[in-house]
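Chemist: Next come the chains, spelled out residue by residue.
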Amino acid sequence: MTDVRPADQPPEGTPSRPGRAKALPWGAPSPGPRAGYLPVLWGMALRDLRVLRRNFAPFATRTVMNPLLFVFVFTYVFPRIGQTFQPGPIGVSYATIVVPGLVAVGMVFTGISAVALPLSLELGGTREIEDRVLAPVPVELVAIEKLVVGALQGVIGGLVVFPLVYFVPATPVSIHVASWPLLLVVVLLAGLTAGALGLMLGTIVRPQQIGLMFAVVVVPITFLGCVYYPWALLHSIPWLQGLVLLNPLVYMSEGLRAALTPDLPHMHPVAFLSALALATAVLGTIGVRAFVRRTLS
Amino acid sequence: MPDLPALSITGLTKRYPGPPPIMAVDGLDLEVRPGEIFALLGPNGAGKTTTVGVSTTRVRPTAGMVQVGGLDVVRDPAGVKRRIGVVTQYNTLDRSCTVRENLYYHCRYFGYSGPDARRRSDELLAQFKLTDRGEGMAATLSGGLAQRVQIARAIAHRPGMLFLDEPTAGLDPQSRLALWELVTGLRAEGITVLLTTHYMEEADRLSDRVAIIDHGRVLVTGTPAELKRGIGAETVIEVHVERPGAEFRQVVSALSSVREAQPMATGLRVLAHSREGLLPRLVEAALPYGLRDIAVHEPTLETVFIQLTGRELRD
Numbered sequence: 105m106t107d108v109r110p111a112d113q114p115p116e117g118t119p120s121r122p123g124r125a126k127a128l129p130w131g132a133p134s135p136g137p138r139a140g141y142l143p144v145l146w147g148m149a150l151r152d153l154r155v156l157r158r159n160f161a162p163f164a165t166r167t168v169m170n171p172l173l174f175v176f177v178f179t180y181v182f183p184r185i186g187q188t189f190q191p192g193p194i195g196v197s198y199a200t201i202v203v204p205g206l207v208a209v210g211m212v213f214t215g216i217s218a219v220a221l222p223l224s225l226e227l228g229g230t231r232e233i234e235d236r237v238l239a240p241v242p243v244e245l246v247a248i249e250k251l252v253v254g255a256l257q258g259v260i261g262g263l264v265v266f267p268l269v270y271f272v273p274a275t276p277v278s279i280h281v282a283s284w285p286l287l288l289v290v291v292l293l294a295g296l297t298a299g300a301l302g303l304m305l306g307t308i309v310r311p312q313q314i315g316l317m318f319a320v321v322v323v324p325i326t327f328l329g330c331v332y333y334p335w336a337l338l339h340s341i342p343w344l345q346g347l348v349l350l351n352p353l354v355y356m357s358e359g360l361r362a363a364l365t366p367d368l369p370h371m372h373p374v375a376f377l378s379a380l381a382l383a384t385a386v387l388g389t390i391g392v393r394a395f396v397r398r399t400l401s
Numbered sequence: 003m004p005d006l007p008a009l010s011i012t013g014l015t016k017r018y019p020g021p022p023p024i025m026a027v028d029g030l031d032l033e034v035r036p037g038e039i040f041a042l043l044g045p046n047g048a049g050k051t052t053t054v055g056v057s058t059t060r061v062r063p064t065a066g067m068v069q070v071g072g073l074d075v076v077r078d079p080a081g082v083k084r085r086i087g088v089v090t091q092y093n094t095l096d097r098s099c100t101v102r103e104n105l106y107y108h109c110r111y112f113g114y115s116g117p118d119a120r121r122r123s124d125e126l127l128a129q130f131k132l133t134d135r136g137e138g139m140a141a142t143l144s145g146g147l148a149q150r151v152q153i154a155r156a157i158a159h160r161p162g163m164l165f166l167d168e169p170t171a172g173l174d175p176q177s178r179l180a181l182w183e184l185v186t187g188l189r190a191e192g193i194t195v196l197l198t199t200h201y202m203e204e205a206d207r208l209s210d211r212v213a214i215i216d217h218g219r220v221l222v223t224g225t226p227a228e229l230k231r232g233i234g235a236e237t238v239i240e241v242h243v244e245r246p247g248a249e250f251r252q253v254v255s256a257l258s259s260v261r262e263a264q265p266m267a268t269g270l271r272v273l274a275h276s277r278e279g280l281l282p283r284l285v286e287a288a289l290p291y292g293l294r295d296i297a298v299h300e301p302t303l304e305t306v307f308i309q310l311t312g313r314e315l316r317d
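Chains as they are written, first to last, in this note's numbering: chain A, 105 to 401; chain B, 3 to 317.
Since the hints were derived computationally from the structure, they do not count as laboratory data.
Every residue, glycine too, gets a C-beta built ideally from N, C-alpha and C.
Check the hints yourself; a few may be wrong.
[Claimed, not checked] Take a look, some chain A residues computed to stay more than 12 angstroms from chain B by CB distance: (1) Trp146; (2) Arg166; (3) Gln187; (4) Leu238; (5) Leu245; (6) Ile325; (7) Tyr333; (8) Trp343; (9) Leu347; (10) Val386; (11) Thr399.
[Stated by the list, open to error] Facing chain B, from chain A, some residues (calculated, C-beta under 8 angstroms): (12) Thr165; (13) Thr230; (14) Pro242.
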């Protein structure tokens, strides 16, 4: 991030003045009533949330469909028709195992559908992004705004999924939060990871490739994201246990597992928290750079 | 007070690495004065859009310097963006939002508070006769209306300078006229306008001054009247014949009051000092070559372009 200059930013509540104190002989210099970057980015966030509110029904439908059908078939229908997964030596219902993972999938899926899809179209098709690229802030910040609002949308996506996976299963789901601060930090970092993933995919995937992206990116990271099984149980397939560590969803699932079902095997908090922070930084940096490359030539 | 140019471009060069590499702008100099409507006239591919792109901070120059109101576009892009409004070639309205929201959020992007942004949106809707369209989705607007909303949005934060890139391309004649009226009206607000166009009539009708550009360079700058006077001809007569050729051109060039006879595919374009008595003599000279048609008009910016480049604007 080379161009972010917080030094330019007047403290909150500073009376309005242009960024440079040079009087212009023509027109009125035109910062709004308040100068500085924060109000600008806040305006963009308000716009994104307005669009989210307007499109909430399709947004929620897209987010819940996959987890809803999953819990319905595997944790409602299966037990009733006499089919069950044996969760092994853990001694809890399968429904309990999948709750954290499906919430994590809800977050990632939201990051992709609420950030990556519209962004891909705005950058590659309609050029709608121009109006925000022309807002008086460094272009990098426009991308970071997308990431942060994506994180918030990811958290909303997770919250939408949670009641489904909690109430639909026929077998008991046992959730207990041992540490609220841990849950809070995990949700925050998982949201940021989802937002960063959405930003990265939205900036590098062309509109024509969206279908391909689902096949090549979304489906594999979901199935190999330790959503349907705890990471520790993969120890019998060592190469896979190592390979999935490249998948950011693994750390979201494991983090939520540690926070919501602490009695199940899960990674050490230091491991998933630092991995989530790293994933946000790496995906976010790639996304911001690609965003700048796409908007400035 | 020193007369700081609204826009000053010195030695601007933009080379796209390609492949194939393209020299979009090649040492372009330009100065737009405060308060004027300035047109960049040139054929497609002349470098107009790239010039606007650099001036509006969206394209990085390869070389040269561009300043808007004294601010450097490379060193202080955010400061420049605060002072300009931009309407690009494409409809970039936010399609997920209503017309009113397009204006409202644009104001928010420029630091307006909620109430201020609401007030300004209402004002713009009224000024641009869009009040009854305010709640419609931007995605449903026709070309002419969308363009009107884009201009309203571009000046919402009261910029000192407005860039219009091919503002009437693809519009029907009626919408084009309405848009011209609107742009002329902006003068009253003291906004400096730089517009690009490949319609010579648009440059002629709208602008105080015109720069004709081709292959990324400015060929000539002046008021439309100055440029047309510069041709040194009062009348342009196009003579179409069946057998054009060097001999026909020689015959016509020899006629008195003919300043220049430029070859066209189907005849000659005759620049003349006066048309007094010329027309009958031209007809007489053209008859042996199979006269088909003859058209008389005053010099236009197109004539200027042809004289400078030997090509027509819309090749």
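Chemist: Next, verify each hint and record whether it holds.
Modeler: Against the structure, the hints:
{"no.": "1", "hint": "Trp146", "result": "7 angstroms, violated"}
{"no.": "2", "hint": "Arg166", "result": "15 angstroms, holds"}
{"no.": "3", "hint": "Gln187", "result": "44 angstroms, holds"}
{"no.": "4", "hint": "Leu238", "result": "5 angstroms, violated"}
{"no.": "5", "hint": "Leu245", "result": "9 angstroms, violated"}
{"no.": "6", "hint": "Ile325", "result": "27 angstroms, holds"}
{"no.": "7", "hint": "Tyr333", "result": "38 angstroms, holds"}
{"no.": "8", "hint": "Trp343", "result": "41 angstroms, holds"}
{"no.": "9", "hint": "Leu347", "result": "37 angstroms, holds"}
{"no.": "10", "hint": "Val386", "result": "26 angstroms, holds"}
{"no.": "11", "hint": "Thr399", "result": "7 angstroms, violated"}
{"no.": "12", "hint": "Thr165", "result": "17 angstroms, violated"}
{"no.": "13", "hint": "Thr230", "result": "6 angstroms, holds"}
{"no.": "14", "hint": "Pro242", "result": "6 angstroms, holds"}
This entry does not satisfy hints 1, 4, 5, 11, 12, going by the numbered hints stated previously.
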